[in-house]
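Chains A and B supply the protein sequences, listed in that same order. Each step along the first sequence adds one to the number in the numbering used here, with nothing skipped, and position 390 is 390. Each step along the second sequence adds one to the number in the numbering used here, with nothing skipped, and position 384 is 1384.
Just so you know, these hints were derived from the structure itself, not from any lab. The beta-carbon is built from N, C-alpha and C at its ideal position, and this holds for glycine as well. Incorrect hints may appear among the rest.
Simulated restraints, written as ranges between beta carbons of each label pair [as the list claims (entries may be wrong)]:
1) B:T1044 <-> A:T220: 50 to 58 Å
2) A:H66 <-> B:S1417: 31 to 39 Å
3) B:R1223 <-> A:A318: 40 to 48 Å
4) B:A1043 <-> A:V43: 54 to 62 Å
5) B:P1255 <-> A:E269: 54 to 62 Å
6) B:G1392 <-> A:E177: 29 to 37 Å
7) A:R301 <-> B:T1044: 41 to 49 Å
8) B:E1335 <-> A:N67: 33 to 41 Å
9) A:R8 <-> B:G1392: 51 to 59 Å
10) A:T220 <-> B:D1298: 48 to 56 Å
The calculated DSS-like cross-link candidates involving lysine-lysine, where the alpha carbons are at most 27 Å apart (straight line), are [stated by the list, open to error]:
11) A:K41 <-> A:K3
12) A:K158 <-> A:K325
13) A:K325 <-> A:K125
14) B:K1119 <-> A:K158
15) A:K125 <-> A:K322
16) A:K322 <-> A:K158
17) B:K1119 <-> B:K1054
18) B:K1054 <-> A:K158
19) B:K1206 <-> A:K405
Derived contacts from chain B toward chain A, CB cut-off under 8 Å, selection only [said to hold, decoys possible]:
20) G1165
21) G1175
22) G1183
23) G1192
24) P1209
25) E1278
26) P1327
27) A1413
28) F1414
29) V1426
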Amino acid sequence: MQKQIDPRVMAELREILDPAGVVSRPGELNVYECDGWTIEKSVPQLLLRPRSTAEVSALLRVLHRHNLPFVPRGAGTGLSGGCLPLAPVMICTSRMNRILAIDARNRRIEVESGVVNLNVSAAVKGAGLFYAPDPSSQAACTIGGNIAENSGGPHTLKYGVTTNHVLGVEIVLPDGEVVELGGSIEEPCGYDLVGAVVGAEGTMGIVTRATLRLLREPETHRTLLAIFDQVEAATRAVSAIVASGIIPGAIEMIDHLIIRAVVDAFHVELPLAAGAVLIIELDGLGAGIDEQAGRVTEMVRASGASEVRLARDEAERALLWKARKRAFGAVGRLAPNYATHDGVVPRTRLPEILQRITRISQSHQLSIGNVFHAGDGNIHPIVLYDERDPDQVRRAIAAGHDILKACVELGGSLSGEHGIGVEKINQMPLVFTPEDLAAMVELRHVFDPDERSNPGKVIPQPGACVEVAAPRRQAAL
Amino acid sequence: MTAAGLPHESRLSDAFVSLLGRECVRDARADEIGVARVIVEPATIGEIAEVVQKCARDRLTLAPLGGGRILAQIRREPVSVGLALRRCARVVAYEPEDLTVAVEAGLTVGQLNELAGGKGQRLAVDPPLPERTTIGSLIAAARSGPLRLSEGTVRDLLIGIKYIGREGRVVNAGGRVVKNVTGYDLMKVMTGSYGTLGVIVEAAFKMRPVPANYTVALAGFARLEEAFDAAFRSSHGAPLLHCEIVSRRIGLALPGSPASANDRRFLLIAGLGGTRAEVDYQLTQIRGAVGTLIEALDGAAAEAVYHAIRDCPAAEATIGARIVVAPSALAGALEAAGAEFCAHAVSGIAQLFLDDVDEQAAHEAVARWRALAHRAGGHLTVVAARDSVRAGLSMFDEPGAGALALMRRLKAAFDPSNIFNPGCYVGGI
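With the rest of the complex left out, here is chain A:
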């Protein structure tokens, strides 16, 4: 059971914020019961929405004094339960959404952590720049959430994930102290603590501000749609492209099941009969891009593509990306509920992992669709189920576990970009020894010795196994 917040503490916290910054009515709090990992839910007792670093610091000082844990939250679009409220107080950064400075010459932007990802690129488009990490939720997710999860996206194949683009952060430690790490410079003075905070899933404090690196927009793009009868042939094509030395901006795969959902939802012209399609985007100089597109087309054909289409204009390119990025939304048409996984394998093992997923789907008698970042080996199997049927829920969880186990067996890992959260916490020992985990806990304690910032995430308690067994389960504190 969560510790009930003492009314006097509640009053102290209220005093720090304006009335709109405090949400405490049960009905309104229900919205915050989970993120995109909907299998587990837990309603916070209090939601706080500060507008400044000073307010965050003041709130955390009060919580520190009363030894209360808290959960940081951005937009709640995470997929691994990273902001599942396993603490009574939730602190949401969405009102801290100002872009503070744009420095086009140095290709930097300084933002508050509640700024929405897509707004960063929009703010610098006029200068010919963009912010590279582009998760599918980029129209909603915040930079603070991206930093917590070390988010990726399709174009991270060429440009890297969030950690490659964050130069400095301002973080409020769980005791309320405000610390600047890194800055607007390329190399830190001393240990790379920015690198420790990015991807820590909010377990080291609350990031309130960040200095991000911007990239120059590529001169041009070529976006190809390659159509395959068989998913295996598509995965072979991915390996062939990567091994050839061409690094596309993105290589994305959509399998038969998801193609059907996307076509129904968005009326995109994808071939319904295809086993799989690849969206391959090349970017770079106009001078070399058609030669590259030609080579990729040849390789894809040689791997067994029945057809390769080139997006004729920006509108066609946008439609393909819309189909890809909204694929998860379309999945709602296939089943009442779904759980998206995020395992990663060496790219050459993609054919094997997809075969294994097919077998896992059969053995648990659940449909599993695939739409994923093939170029990175980062799979996103989508397990379809109905949460009203407890047996289906049980099988969905078991199927997810089997998929992750298979990823690890093939030399891969549990999460490419969604984070561990609560979803994969029990699988951490598949990848790491107790010594590895102990070192990670020691790193966390540098920032959060009492484990009050986002408790119960990332690192399993020794000997404890959090049972994920039923929907709407009140997660244990």
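Given chain A, work out where chain B should sit, using these hints.
Frame of chain A, contents of chain B only:
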């Protein structure tokens, strides 16, 4: 710790001889003298762990050495035990089709790239003298070179790590896949940690394809500001592999004595890669951006110029330092520094150096450079100081108080007995 409290060298080496065998223990030589009192050369990761366990038990300080060059400049007094990892230099797994590699820390960057070159790939970080830079020291000192502009730095390409931590504990983080957010990112913490948190024994990296063609474009400038403006314009117009600006002495010493270096004080050296059509196109772009005499070198001539700027002679100078500032502030800082330099022009990083100066002049130079770095929002690390000028120099800068307090906590957590290369890192860590 005073020398009086330490075991005598011969007793010290005897202890490790009985642990590892005679062939694995030797005296310090060349750069290692002054860094460590006895050198051990374990042959396996298990043996490295045993050495660390013994050091932890006996409260002996230790430091991983690489070639010893970097620590020779930084350490003021020797640690008890220097770990040379040349026997731990195996390629654990190279998967060219996945563009990943896992190697032991004693392998040099040069050796790795010789192997990968056969597959048209490379580890695309280029510290000075890669043939003498071990993978361990590449990560520990994090001195990424010119290719940082296009390929990123050590921290961007490092995807997995194994190190020996406190009490000889073997710790793994990351993995061998190119995209991975499983667990905390201990790779970042170890990158640039100068051996103060543990002994790096194995690492996995993303590999990158070597561009099909490589051309170096050179242009000379009378004024530094002009050179930097040209560098920023060039890098905005073309996806350069690297973009360096060097001072006159470096420019004149480049192999083949490029004509651009004559009569001009500053030389811009831009690397272009890709298909022939892409390189030609970029050359046109750069000509437009620079608006002055451009020479283009290909093949061996281009490689020779690249090697010369990568191996910037700052580390061999009487006094040399690495300045890191906001990119747009670098020109002003270099203008005021009064030193020879090699600059990663659009990254805000340069190596500064002076030769043939006395102790007072060297100290004044470091103080001046440091003040310039601070004014430009950055910091300065001394990377070379001859014995004649070293006394009393602080090699590292200090981060802000809040960050430094966290760093001290990190050191205390990862190395509670304070045996890993103690006393020579930021804030005396």
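Quick rundown of the hints versus the structure:
The hinted range of 50 to 58 Å is satisfied by T1044 of chain B and T220 of chain A, whose Cβ atoms lie roughly 51 Å apart. For H66 of chain A and S1417 of chain B, the hinted distance range of 31 to 39 Å is satisfied, since their beta carbons lie about 35 Å from each other. Distance hint check for R1223 of chain B and A318 of chain A: the Cβ-Cβ separation is about 45 Å, which falls inside the suggested range of 40 to 48 Å. Taken as a hint, the range 54 to 62 Å holds for the pair A1043 of chain B and V43 of chain A, whose Cβ atoms sit roughly 58 Å apart.
A hinted range of 54 to 62 Å for the beta carbons of P1255 of chain B and E269 of chain A is consistent with their spacing of about 56 Å. About 33 Å separates the C-beta atoms of G1392 of chain B and E177 of chain A, a value consistent with the hinted range of 29 to 37 Å. R301 of chain A and T1044 of chain B have their C-beta atoms about 48 Å apart, which keeps the hinted 41 to 49 Å range intact. Range check, E1335 of chain B to N67 of chain A: about 54 Å between beta-carbon atoms, so the 33 to 41 Å window is missed.
The given range of 51 to 59 Å is respected by R8 of chain A and G1392 of chain B, whose C-beta atoms sit roughly 55 Å from each other. In this structure the hint that T220 of chain A and D1298 of chain B lie 48 to 56 Å apart at CB is violated, the actual value being about 25 Å. At most 27 Å may separate the alpha-carbon atoms for a hinted pair to count; K41 of chain A and K3 of chain A meet this at roughly 17 Å. A distance of roughly 17 Å separates the Cα atoms of K158 of chain A and K325 of chain A; the hinted pair therefore holds under the 27 Å criterion.
For the hint pairing K325 of chain A with K125 of chain A, the CA-to-CA distance comes to about 20 Å; that is within 27 Å, so the pair holds. The suggested pairing of K1119 of chain B with K158 of chain A holds, with an alpha-carbon distance near 20 Å, which does not exceed 27 Å. Taking the CA atoms of K125 of chain A and K322 of chain A, the gap is about 19 Å. The hint holds against a cut of 27 Å. Proximity of K322 of chain A to K158 of chain A is assessed by CA-CA distance (about 20 Å); at most 27 Å being required, the pair is judged to hold.
Taking the CA atoms of K1119 of chain B and K1054 of chain B, the gap is near 41 Å; set against the 27 Å cutoff, the hint is violated. Pair hint K1054 of chain B plus K158 of chain A does not hold up; C-alpha atoms about 44 Å apart against a cutoff of 27 Å. Note on K1206 of chain B and K405 of chain A: the hinted pairing holds, with a Cα-Cα distance of about 23 Å set against a maximum of 27 Å. With its C-beta approaching chain A no nearer than about 6 Å, G1165 of chain B sits inside the 8 Å limit, and its interface hint holds.
The interface hint given for G1175 of chain B holds, since its Cβ lies 5 Å from the closest Cβ of chain A, which is under the 8 Å cut-off. For G1183 of chain B, the suggested interface contact is upheld, since its CB lies about 6 Å from the closest CB of chain A, less than 8 Å. A cut of 8 Å between beta carbons decides the hint on G1192 of chain B: the least distance to chain A is about 6 Å, and the hint holds. Interface restraint check: P1209 of chain B against chain A, minimum CB-CB distance 3 Å, threshold 8 Å, status holds.
The interface hint given for E1278 of chain B is met, as the beta carbon of that residue sits about 4 Å from the closest beta carbon of chain A, less than 8 Å. About 5 Å separates the beta-carbon of P1327 of chain B from the nearest beta-carbon of chain A, less than 8 Å, and the hint is met. This hint holds: A1413 of chain B has a C-beta 4 Å from the nearest C-beta of chain A, less than the 8 Å allowed. Checking F1414 of chain B against chain A by beta carbon gives a least distance of about 7 Å; that is within 8 Å, so the hint holds.
The interface hint given for V1426 of chain B is met, as the beta carbon of that residue sits about 4 Å from the closest beta carbon of chain A, less than 8 Å.
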